[in-house]
Structures are given as C-alpha cells and as structure tokens.
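Residues per chain, in single letters:
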Amino acid sequence: MTTITSMTTTTTGHRMLDDFLTRALLAGLAVALATGPLGCFVVWRRMAYFGDATAHAAILGVALALGFQISIFLGTMLVALVMAMVVSVLAGRGWAMDTTLGVLAHSALAFGLVAVSFLPAVRVDLTAYLFGDILAVSRFDLAVIAAGSALVLGLIFWRWSGLLTATLSEDLAHASGIDPGRERMVLTLALAVVVAVALKIVGALLIAALLIIPAAAARNLARSPEQMALVAIVIGGVSVWGGLQLSLFQDTPSGPSIVVFAALIFAASTVGAALVQRLRTN
Amino acid sequence: MSLIAARGLELRYGARRVLHDIDFDIERGEIVTVVGPNGSGKTSFLRALLGVIKPSRGRVLRAAGLKVGYVPQRLHIDPGLPLPVSRFLSLPVPASKSAMAEVLEQVGVGDVLKQNMTTLSGGQFQRVLLARALLVRPDILMLDEPTSGLDQPGVASFYRLIEDVRRETGCAVLSVSHDLHVVMSASDRVICINGHICCEGAPHVVRAAPEYRALFGFGTGGALALYQHDHDHEHDHDHDGAPHA
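Protein chains in written order, with this note's numbering: chain A, 1074 to 1355; chain C, 1133 to 1377.
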C-alpha cells in the first residue's frame, strides 16, 4: 500500500510527511476543516439528500477518470459538479425533490459501478473509492486535499455573511443586495470540491455522513452559527482521529470507522443536551 | 427622482400572469400602502420591487445605492440553525452592540438581545424583524403584511411606530396589507391591486372608488365607517398635525 519513499532526497522540513500515519491524519483533519462549515449549510438548508446524490456521482467520476486517464480528483469533481447543477435545475423546475434526488443519487452510483466494470485491464480496487482509504494518502493526495479544503474553507469564510443571509431567507438576501443564486452556486461548487477531496478519506458512500453528522452533533452544543461551524470542525477532526486509530489497529475500512466515531459523538451530544435541558427545567 | 419605480411591469409564474401593466413610483418620505384581496399579486409586486422575481415584461428602476429595510410577512428559521437575536440583527451588515440595544428599545423589545430567535413570541419576532430593517438606516422600508401575527393593540402600536420612524428618519414606507382600516389612516397613498392597479390615490378617494368597493364590498362596514369618519375628520381640518389617539 504505502511505502516510505526516498528519505534521502527529502528535506528535513518535509520528513514528517514521510510517515503515512501523519499524512493520513493531516489529510483527514484538512477534510474536517472543509466539511465542518459546509456541513452546517447542508443541515441548515436541508440539503442532506443533495449531498448524497452529489457524493454518489463521484463513483461515476472515478470510472470516467480511469477511462479517460485523467486525474481522479478532477474526474470526481467535474461529475459531482454536473450532478449538483442537474439537481439544482430540476429542483428549480418544480420536480418533487426527494424523488428526483432518489433517482439521481442511486442512478449515478449504479452507472458508476457498471462503468467501472467495463474498464479493460485496469485493476480497480473499488472498495477504496466506496469506503475510503485514508491510510493510503500519498504526498500528492495530501497536497490536493489540503488545497481543495483550503479553497472550500476560504470560499465559505469569504462569503459567510452572504451565505448565512441567503440561507435564512432569499427575500432578505435580495433586500440586502445579496444574490441568493450566486450563494447557491458557491455552495454547489464547494460541495463538488469536498466530494472530490473527501473521496479518499471516507469514500463515496459516506461523504454525506461526514457533512451531516458532525454538524448535527454541533447543533446540540452551539449557540450561534459561527460556534456551530467551529464545533462541527472539532467533532469532524476528533472523528477522523478516532476512525484512523480504529482503521489502523483493527484493520477496519477507514470511511465507516470515521463515521462510527462521528455517530457516537452525535449520540453523546444529543443525550447530553437532553440531560442539561431536563436539569434546567426541573 | 423616485426611490423605486416600475414601468409597464408584468409578472408571470409559468403561464399564469399574476400582474400586468403596473406603473408605480414612490418618493422619499412617502407612506404608500398596497391593498388587494388574497391572490391579487400584491406580495409578488413587493418581491418584484425587491428583485426576487424577474419581470416578464417592463422593468423595475431603483435609485443608485438605495438602502432597503425589508420586513417579510413570515420568516421560517430552521431549528437546526442556532440564531441569537444579536446575530440576526447584524446579518449581513455588522452592527454595534449599542446600536442594536438602541433599536430594540425603539421597537419596544429592549430585553431580547441575547435570546434565540426561535424562543420569541409572534409579536416580539415581528418587532425584531423591524429592528433589523431599521438598523441599515433604510431609504425605504418595505413591509409585507407586517402585523399578521399581532393583536389589535399590537397592530395599532406597530403602525404608530412606523409613523414615528418615518417622521424621525424621513424614509419612505411601502407596505402590503389587508389591515385596511388601520393602515389607511396612516397612508399618504393607497394602491388597490387585483392583477393590475384598480385604483389609486389618497385613502378617502380610494375608499370611495367603485373599483375598491367592488373588490372589498361593504362587509366590514362597521370598522371602516369608524375609521372613515376618523380620517375624514382629520382630512377636513388638519392633515398632518393631528396626533393619533
């Protein structure tokens, strides 16, 4: 899987990246930085299935990327972007959203799986794309993941106030001179980038979980939108760390392991919040 | 030049035409009320002026750098979004703590700054919406059925508040309403809409217009008569001097 490469040619400053565990952890934390705030918007705007459809399309992206011999990151990002836009357009035309998304999400996954089987002479380990393979993150992967996450984080930070206003009400946004259509595009673009960078970490099937579960857990603990985004980042980061340990020592698939940790934190925060509520009212 | 104008405005939802041939102007300091029955297109009209709905024909003109304070009819806040009043008030334009406290005091809910938006009562919520609209020091306040959640005394005090704001800041006020009798007494001009502009003018003129009578009938005669008397009295003697009791 991963090997220690040419220790002699690297400078001391980069030597820590030679450790595959360090690379895995850094990649996971970078993804958590992007999925935390973006996941909050997915929750606030009720885009859970939208995230699912976009993420499932990533498998089709993998197949096309391998078929046309382009970068997997690029392939998944482009297909995710196309998928997100198709969903947006159909939603705008008044199609029933859950049906549309149900059709598109599962079709994209099925087409992707079938397309991969057609690829000749390519040994594709599909499990890595379906469930993630965080321990196999290369230096190049890490660089792309870090760049993608930085892009998403920067985009959301830059547009934060407009995104939040447009999320609250499109009419209020218009009145304040904000174009909600542009903010929606920002989120669509961010989602496509996140799908591309998170594929290696949690896999296509569970990218949406990494968006939604930390944000939902953060909701129990936060008192403002900004707090919720920060707490979601922390919960995502802790889940990545925990999932990495589990994956390393028990040889479990990395994506599900990370999501298991996130789900446990969600359960704990929900129970904790309910207990606090009960203590206050009594 | 007027703050907002519409010329030959037509709005469609798909094949359905909701508004047509609308010409409209509002000047600084004017209070204009749009009335019309349900489904008459009055909310769509407001949203077209905001830029939410693109006209299928005609155009909307806005003064350059126009600051709009918008109070929506309803605002649903997803329970997944924790939103304190202080954060809501500074969205998207940051406001200082003192400015927020001051404007909340002005609209009569001085003690809600730290509360979550979802814990407010209907009346408090409506006032916080108004406070947010006022914080940007708007050239024009646009109100869509702003008193729908309020009881009678609440409605009266809400409109008194709007008049105070107009007097203090000189901003224009454009509201959409079915609270005919209360709104009318405060308006400089009433526009009666039902797919198009049926009639328009000073409140007493509109109230007497056959087009208006045809739309709203005489069913609410008691309440209207009371206010009509009140207004006519005011109009006959001193248009802008009389205090509202």
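Because the hints were derived from the structure by calculation, they are not lab data.
Glycine included, C-beta positions come from ideal geometry on N, C-alpha and C.
Certain hints may be false.
Beta-carbon label-pair distances, calculated as ranges [said to hold, decoys possible]: (1) A/1169 - C/1345: 38 to 46 Å; (2) C/1196 - A/1162: 31 to 39 Å; (3) A/1180 - C/1343: 22 to 30 Å; (4) A/1233 - C/1328: 35 to 43 Å; (5) A/1255 - C/1196: 16 to 24 Å; (6) C/1148 - A/1171: 35 to 43 Å; (7) C/1285 - A/1220: 20 to 28 Å; (8) A/1159 - C/1328: 47 to 55 Å; (9) A/1223 - C/1289: 33 to 41 Å; (10) A/1227 - C/1328: 25 to 33 Å; (11) A/1162 - C/1144: 40 to 48 Å; (12) A/1252 - C/1188: 51 to 59 Å; (13) C/1293 - A/1348: 57 to 65 Å.
From the structure, some residues in chain C lie toward chain A, with a derived Cβ separation under 10 Å [stated by the list, open to error]: (14) 1134; (15) 1214; (16) 1215; (17) 1219; (18) 1222; (19) 1223; (20) 1242; (21) 1244; (22) 1245; (23) 1285; (24) 1287; (25) 1288; (26) 1289.
These are the hints, each one checked on the structure:
A hinted range of 38 to 46 Å holds for the C-beta pair residue 1169 of chain A and residue 1345 of chain C, which are about 43 Å apart. For the hinted restraint 31 to 39 Å between residue 1196 of chain C and residue 1162 of chain A, the CB-CB distance of approximately 33 Å keeps it satisfied. Between residue 1180 of chain A and residue 1343 of chain C the Cβ separation comes to about 54 Å, which falls outside the hinted range of 22 to 30 Å. Our hint of 35 to 43 Å for residue 1233 of chain A and residue 1328 of chain C holds, since their Cβ atoms are close to 42 Å apart.
For residue 1255 of chain A and residue 1196 of chain C, the Cβ-Cβ distance of about 21 Å falls inside the hinted range of 16 to 24 Å, so the restraint holds. In this structure, residue 1148 of chain C and residue 1171 of chain A break the distance hint of 35 to 43 Å, their C-beta atoms being roughly 26 Å apart. The beta-carbon spacing between residue 1285 of chain C and residue 1220 of chain A, approximately 60 Å, falls outside the hinted interval of 20 to 28 Å. Between residue 1159 of chain A and residue 1328 of chain C the C-beta distance comes to about 38 Å, which lies outside the given range of 47 to 55 Å.
For the hinted restraint 33 to 41 Å between residue 1223 of chain A and residue 1289 of chain C, the CB-CB distance of approximately 51 Å leaves it violated. Checked against the hint of 25 to 33 Å, the C-beta distance between residue 1227 of chain A and residue 1328 of chain C comes to roughly 48 Å, which is inconsistent with it. Residue 1162 of chain A and residue 1144 of chain C have their C-beta atoms about 19 Å apart, which leaves the hinted 40 to 48 Å range violated. The beta-carbon spacing between residue 1252 of chain A and residue 1188 of chain C, approximately 19 Å, falls outside the hinted interval of 51 to 59 Å.
Between residue 1293 of chain C and residue 1348 of chain A the beta carbons are some 42 Å apart, a value that contradicts the proposed interval 57 to 65 Å. The interface hint given for residue 1134 of chain C is violated, since its Cβ lies 18 Å from the closest Cβ of chain A, which is over the 10 Å cut-off. The beta carbon of residue 1214 of chain C is positioned within 10 Å of a beta carbon in chain A (closest approach about 5 Å), and the interface hint is therefore held. The closest approach between the C-beta of residue 1215 of chain C and any C-beta of chain A is roughly 7 Å, which is under the 10 Å cut-off, so the hint is satisfied.
Proximity of residue 1219 of chain C to chain A holds as hinted, the smallest CB-CB distance being about 5 Å (cut-off 10 Å). With a least beta-carbon distance of about 9 Å to chain A, the hint placing residue 1222 of chain C at the interface is held under the 10 Å criterion. The beta carbon of residue 1223 of chain C comes within 5 Å of a beta carbon in chain A, closer than 10 Å, and the hint placing it at the interface holds. Residue-level restraint check for residue 1242 of chain C is violated (minimum Cβ-Cβ distance to chain A is 21 Å; threshold 10 Å).
Hint status for residue 1244 of chain C relative to chain A: violated, with the closest Cβ pair at about 15 Å, above 10 Å. At about 13 Å, the closest approach between the beta carbon of residue 1245 of chain C and any beta carbon in chain A exceeds 10 Å, and the interface hint on this residue is violated. Among the interface hints, the one on residue 1285 of chain C is violated; its C-beta lies about 28 Å from the nearest C-beta in chain A, farther than the 10 Å criterion. Because the smallest distance between the Cβ of residue 1287 of chain C and any Cβ of chain A comes to about 22 Å, over 10 Å, the interface hint for this residue is violated.
Annotation: residue 1288 of chain C was flagged as interfacial toward chain A, and the flag is violated, the nearest CB pair being 26 Å apart, outside 10 Å. The interface hint given for residue 1289 of chain C is violated, since its Cβ lies 24 Å from the closest Cβ of chain A, which is over the 10 Å cut-off.
The structure fails hints 3, 6, 7, 8, 9, 10, 11, 12, 13, 14, 20, 21, 22, 23, 24, 25, 26 (numbered hints given earlier, in ascending order).
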